[in-house]
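Novice: Sequence:
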Amino acid sequence: MDTRPAACVMTADSMRGIHLKLVNVMIRKQQSSRVASGTYRVPLIVIGLGMLAWSPLGCDQTPVTPPKSEQVSHTETVDENRTPPPSNDHIEFLRQMNVAKAHLENGKYAEAIEGFTQALVQRPGSGPADRNLARALIFSGESDAAIERLDSIQSREPDSAAAAYLIGVAFNRQSKFDRAIPHFEHAARLDASTAAIRYQLAQAYDAAGRPDDAVAQLRQAVRLDPQHTAAQYRLAMHARTSGDMEEYRQRIRNFARLRDLYGDPMGTPLALEACVHTKAEPAMSDRLADRRAPTQQIQVQFVDATKQAFAGSTDGTAATFAILELDDHGQYTFFVVGRDNSLSLMVMSPTGAFERKAIDARLPDGFDPQQCIVGNFIDRAADPQAGDDAPVRFADVLVVGKRGVRLLQRVGAVEFQDVTRGSGLTGLTGNAARWVDYEYDGDLDLAVAGDRGLEVWQNNGDGRFQQVTSDVGIAEAPNGHDISAIDLDSNGGVDLIMARGATPTLVYENQRAGLFAAMSDPPGPWPAARRVLANDLNNDGEPDVLLVGNDKATILFGRSAVRQQLDQSGLDLADGVLFDYDNDGWLDFCGVGRNPTEPDAGAIKVWRNGGADSWTEVTTELGMDGLTMSAAQQVIAADIDADGDSDLLVRTVHGRLRFIRNMGGHVNGQLKLRLVSAVISHGGVGAHVEIRNGDYWVARSVPQSCPIEIGLQGHAALDSVQTVWTDGTVDSRVNVTPTKDPMTIVVFKKTLTGSCPYLFAWDGSRFRFVTDLVGSGATGLSLARNVLWQPDPYEIVSIGDGDQFPPVDGQFTINVTSELREVAYFDHLRLIAVDHPRSWEIHPTDKFMLPPFADSQLWALDNPIPLARATDHEGRDQTDVLRAVDGEFTPPGKPLPPPARGMCEPASIALDFRSIDTSRPLVLALTGWLAFGDASSNIALSQDPTAHVVWPTLEVQTSDGQWTVVDVNVGMPAGKTKTILCDLSDKLPHGASRLRLTTTFEIHWDRVALFERRDLDTSQIHELAFDRARLDWRGFSDLAFRDPGHPMTPDFDDVSDQPPWRTTLEGWCTRYGDVRELIAQDDGMIVILNGGDAMTLSSPAAALPSLPQDLVRSFFLSSVGWNREDNANTVGGDRVQPLPREPTMSGAQDNDPMTDWRVRYNTRWVPRDQFDPGRKTGHEDLQQTLPQGVLALP
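Under numbering that gives the first Met the number 0, the residues of the sequence shown are numbered 0 to 1193, in order.
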């Protein structure tokens, strides 16, 4: 029986105008009239309307499940110190929340309002209950009531993205767009990762007559969610309005594709509003379910050990200092600038006392140093053949001051040379600096924050730096106090964050290809700060940022709307450091400065990171409140005494050094890492490290080479230690047993991530590797900044003769695979068979060459002229090596040090043919392979004025003994072993007998032969179309150097689903299945293979005529194709689109974009983080037998 008063039972119509005040009044009344049973008399407000939540599969009544990275945004305001409610009340609160949450998700808003109202009586001030009540009011149509409640929430939770977004939604529903805009903008600043916020803001901008702002936000929406159907449609309409028909067609194709896959998402406003912030929150909030640090803490105390550390005559003062290096036994060496501008190295002895050794160099008088940073700015690579036992390279030092900088190159154990004048840095001043490879070309550039603002100085690779600030897109913004560098959005480009004191913090987002763009407003600018620290603070694999201001520090969690604030009252902060003082695997924060009430007195505070956004000040517990010192100016955290926990070294404003020893942190264990690379990032700067043991997982970014210290939380062994280098490649060490000595991870060889797709031919028993394809068809390949390679998509490659490529079951079958971090595009593929005398050789004319490109043809060669002698540039006899195609290769010149991949010092081979009839149709056939570089190595070379690039050049020795260049475009083999041809007809002087081939490219030659060209009759050439062509997932073959001097080749039978990288090019790729239509003609209809895809093609043997008895048959593959590598300096290297060419034939380009072939075929979405083991697609129900992370769509 219903015991409620009749007046409280109302219909939806009679309650339509009920105001939020009624809810508040009833909450207050019921708070004063609790009954023993714990039940309450509250009004039942029945308001209809069903809640439709849009999922990617269409509109239904299931709640939207947000991606893992989207977390409920709010700042909890409940007093954590109040007495917990009685257990029965707590249970009743949880019950009310659970039931009301279910009602809200099921669209029963009246029941939800009733339930959340009762929950707020049980737990006044509960953030989740309050926000859920606001959601229910919005969805029920009570926008005014919802706005009033949300205003109240915002007054308590100013950093709640959910509250800001929901107010904006409520105003949007009332068509009060001008009032909605500031709330959406605030939400976007708090949560830069949710596409729905950007879409709703764009709608409001459009309605307010701000189309340009709307387009900017719509572009951000599709960047965050490329499958946002409505945003794609609205962008198409804007493009049509502006007359940009190309973008219109592209966007409308995307819309049609998404509509066909997921249905129409634009049926209700709620479908477009749906996101993490409209989702009902559970009682304790989703964020509390996140991973936490251990609640059982070990006992740690910090003690002032300065007296012992600086015993005797050791100088205990400094103007600034930095960690220089870590030795094999875990001992750190400090680089110290004295107060008198002297320089010294300082290390702690086994007795616990520091020892200092003077450096025979000093800074000029009046220099006023602010900071020193350590990094290898110039490459002094050890011998790559030395392997992991090679010595760690020296670390150089940059001292930054308000009156200039000093660049000190380390040339010995304690010897440094001042190279400032020759570096181009004369006149540079600053307050803070960071070494950073902003363009990923393999050397460390320099980012400096100073009074003039942020400056970027490009390392040219020759010891000189060039100021490129405006060239890379960074505008002048004065008053730079501090700077941090980290890849905030995981796009493969390091972003720059500059703190500016009382002025908002600026973020410059790396656009790749050497360009930055200021973070848009919204979500920028960030809160003002004096210091900025960045790392992974919640162990979720995403970088977080700590902005330290005058009275508080703000934590911005990466890809999340959650913000955390640390109260710094009692500390006027001068410096801070992230470190794991108790080795529990979670980074804590230490701030040093002065006591605001006693300006001359120093203050140190420490906050413990408890995980799940829980930070607690533990200064007193650690014994630090009893430390007395002058005001502090600088702090570094490291295991200085090598006992397995992180200590503190503090410098006061008077230049005194204070050693604060950690006592107890060693109990949990610590892993020290030393990252060494001769080919990627010096000292591991910018890398990412993850360690795992069972469910224990810790993630760290590497802002500088030292220190890298990770707490082990008591784990004595680790399943894996994984390093993700700046080029995206992954190095994994398994079954690791940490010791007190550092673990050194050395990389001397660059993992092959890009080259070309591979060709395999079926020989009846296996797929035989043939060669790689479309080496000349690279799109977006940078040769220098703003200079791109012109791709040549047309190519013919040899498959082999009839013995190597027999028909099986009446079919010739090949397999084309994409097995690197790149995308392959094929427009046309066909087989060619050539019948010819056995003495003839048939070769394609294609090669890797500078334009103009020659037509793809097949030439017949005969009557070889014997090579009498071949000698290389070092006088070594290479005759036997070059006489036959036998897999023996000549060595190239001496390889240049990284990052000059694929380049060497000039090397030549002199070829003596004794007697040449120069009147004959001569052709020089060169068989070999080229070690490809990439866009990043090209950029590095283009910046180095000392680099000398020589394309293969052919010279002939004249009768007077002089060498003269032959007018021929020699070119190079396009990748793996191939034969290239040089037409020497009428190119050589009479009586010539000696040729010389010179280059600085790393080319390994197998054979050099001189032939005469023969005519091929068209009757000897047979073209075969493929009657079967199917695209499927395959995986990644094992790549290895099978023999010394040979190129790296794939093993078709040794395949894995997981490559040694995590990212790939994102975009719409060809759906799996039949692709014959796409490769049948050279018409612009293209099949798209992403990493791990393979295309199997077959052609009927019956289509060929019978082979005459006196002839042999050779087979070739003719292709029209391109490839695009995922490289930070490849233009568009993170995206599949745009395609390399537009359709060219009638029928291939439909006048109606909605029925375009791309809508029919390109329906497989491949995300950027496809190979990240931790990613979730949100479409698990659609998974087919594919690798983890590949989204299968029909």
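Hint data in this document are derived by calculation from the structure and do not stem from the laboratory. This structure is a prediction, so every number in the text was calculated from the model and none was measured. Take these hints with a grain of salt, some might be off.
[Unchecked claim] Straight-line distance between alpha carbons at most 30 Å, and here's what the computed DSBU-like set of lysine-lysine pairs gives:
| # | residue 1 | residue 2 |
| --- | --- | --- |
| 1 | K306 | K356 |
| 2 | K986 | K306 |
| 3 | K401 | K356 |
| 4 | K175 | K401 |
Novice: Does each hint fit the structure? Answer for all of them.
Specialist: Here is how each hint holds up against the structure:
Only pairs whose Cα atoms come within 30 Å are accepted, and K306 paired with K356 is accepted, the gap being roughly 19 Å. A hinted pair counts as satisfied when its Cα atoms are at most 30 Å apart, and K986 with K306 does not qualify at roughly 83 Å. For the hint pairing K401 with K356, the CA-to-CA distance comes to about 27 Å; that is within 30 Å, so the pair holds. Distance restraint check for K175 and K401: the Cα-Cα separation of roughly 51 Å exceeds the 30 Å cut-off, and the hinted pair is therefore not satisfied.
Against the hints set out earlier in the document, violations occur for numbers 2 and 4.
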